[in-house]
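Colleague: Turn these sequences into a full structure, and let the hints steer you where they fit.
Residue numbers (the numbering used here), protein chains in the order written: chain A, 1 to 127; chain B, 1001 to 1578.
Since no wrong hints were added, every one of them can be taken at face value.
Taking CB as the label site, the calculated pair distances span: (1) Asp34/A with Thr1066/B: 31 to 39 Å; (2) Glu1162/B with Phe109/A: 47 to 55 Å; (3) Ala98/A with Phe1103/B: 43 to 51 Å; (4) Ala98/A with Thr1065/B: 30 to 38 Å; (5) Glu37/A with Arg1125/B: 48 to 56 Å; (6) Tyr1074/B with Ser65/A: 36 to 44 Å; (7) Ser1061/B with Ser65/A: 20 to 28 Å; (8) Ile1088/B with Leu92/A: 28 to 36 Å; (9) Gly89/A with Ile1088/B: 27 to 35 Å.
Rather than coming from a laboratory, the hints here were simulated on the basis of the structure.
Backbone N, C-alpha and C fix where the C-beta goes; we use that ideal spot for every residue, glycine too.
Residues per chain, in single letters:
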Amino acid sequence: MNLEKVIFGFFIFLAATLNFGFFVGEIDNPAHHDIYELFAAIVVSLVATVLKFGDRTQIGAVHLSTSLVADLQLIAAAMVWGYAEHVSGAGLTPEMTARVVSLSGGALFANMVSVIILIAETIMQRR
Amino acid sequence: MTPLSRHHSVFFLILRRLRAPLILLITIIAVSVLGLTLAPGVDEQGNVHHLSFFHALYFMSYTATTIGFGEIPYTFSDQQRLWVLICIYMSVVGWAYTLATVFAVLADRNLRHAVSMQRFVSEVRHLSESFYLVCGYGETGRLICQALDRLQYRAVVVEVDEAKVGEIDLHGYAVDVPAISGDASNPELLKFAGLTHPRCIGVIALTNRDPANLAIAIAARLLAPNVPALCRAEHRDTAANMASFGTQHIINPYERFSETLSLALHAPAAWHLLNWLTGLPGTTVERHRDPPRGNWIVCGHGRFGRWMVDAMDAESVPVTIIDREPVPDSEHRWVKGDGTGAATLKEAGALEAAGIVAGTSSDVDNLSIAVTARELNPDLFVILRQNHYTNHALFDAFESDITVVPSEIIAHECIAILSTPLLEPFLNEIRRRDEAWCASLLERLTERLGWEVPGVWSERINLRNAPALYRRLMRGETITVAMLLRSPANRDERLSCEVLYLQRDDDDHVLLPDDDTPIRAGDELLLTGMPGCRGRFALSIANEHALNYVLTGEDLPGGWVWEKFARKTESVRTARLP
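Modeller: What follows is the structure, encoded as structure tokens:
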């Protein structure tokens, strides 16, 4: 067992689970989506991205790109949230909530791909 | 040395090193922002108010980067200030660590090497002109690079010493010389330096270690079999090894000089001719005293001394050898000692000897031997071996008859091979001819061209180099050597250059073709002459108008309109001599 692999896998799975946790619920109901969960998803996703830096293999490159996509989607979601709360003046309307959640849904897909790659890589190695 | 395959990944190297500080930074900011949203504050009406993530991130961004705009949106409560205090110190540590890592990465030797390697590789890859790969930038390498620069060839340098690589930048070549520090015997590095590049037209191995030169020769033979290799070899077994797998040009400076010396001993005129033709262009050759036959003394029986003894043996000149560790044999007289003292020299017979070779590997010893020997016997013919170029002031001050500088011998040889491939067969021809023939040729050439070292160059009559002449020859005109060697400025004046050697395509050649020899398309000429002649001759054979004037004395009309006019009034003139 390799501690580095444990930490790597931990962050990738955590990013996916947090993202999923934020995503589930009615798409336009603000009560189903917690801001702290979104924050945690962003931070964990960023850390996972940095952990993937510096791997020159083909799989490493795909890993990194999925993470970058997830970051981008989640940060966009956070920005929409911030816009709704502070700039638009109307607060977090169902419409805005739907936007935020659908963006995080995209990130969830990227995170899922990342998880699948990780599993595939593990199965391929057989040791 | 760092593994070469990693040089591609400078970017990844930086990222890898920055992982830890970046994660620390993300964690610190995340914890700070989270804490700020949780810490209770008070708004204007005295209600409990929590910072939103938006405000918290905004606040942390300007606080952590030490910009500091103040407390928003309301003045902070003491709970919040307590947390901010912790955040400030955490973020300062985070930033300091990140910056320190960034600078450490940038200053890292491996990284700098990787960056310079990457730049070198891309520079070499994008070379669009023919270039030579020069391995080893010592004294010889520098001379070669200068010569290549003058001949308008590009060069790529691989040198093991980083300080010498830095010297290349300071030298100021006309064109940029890509250089990298590294071990040239590493085939990977040779590949990066362009060994397998389609524009690589030659590999020149000049490192001062024979094994490295051998490794380069093998790499060149296997990786780029069509690229000619010029290799320096100072040991006989290295040279034999190189020859065994077909290295084209093996240059052993000592062997080369020993050949020259044996030539000088039996055919001084040929030797002078050789000196005159292969000297550095622009210098004047002094007529040396011919090396006398008689008793010779060789000091130092090392790599150089052994070749000298061989040369003397071949000319059956009696030799006395002075060496610290004598290996007595039946043919030579051996004296134990180092030759720097008068007693040893006297014992070796310096008083009645004809010449002495100071050939140890120490410059100071060699000078000491030469000075002592001259004092004992002022008529002694002195051959002095100079090992290091930096000592040249001392060697210039002592008037030896011949000073042997290995680095210069190699450089001359390389330059001759590179610039005029025809010179070698011509020189071989000279070595085969008898003394009287050489003497008369030397007399004839120096009378016309003077004792200054002439330019020697070859010219191929093909469509690329000599379009005008080539077209005329293809039309079936007969043009002789004498018709061409005229000044394009004034055809009554003969160019002060001579054709030494004429190479026909079908392995046929003419040595010193006379004036009436007709030139054929595809011929290659070896010419020697005054510095300006090369350009004028090249103009005559390349330019239609210049050639017409040289051959017929008529100025061709230039431009389409004048050509039309001229064609009406006169038919094409045939070539005639004035």
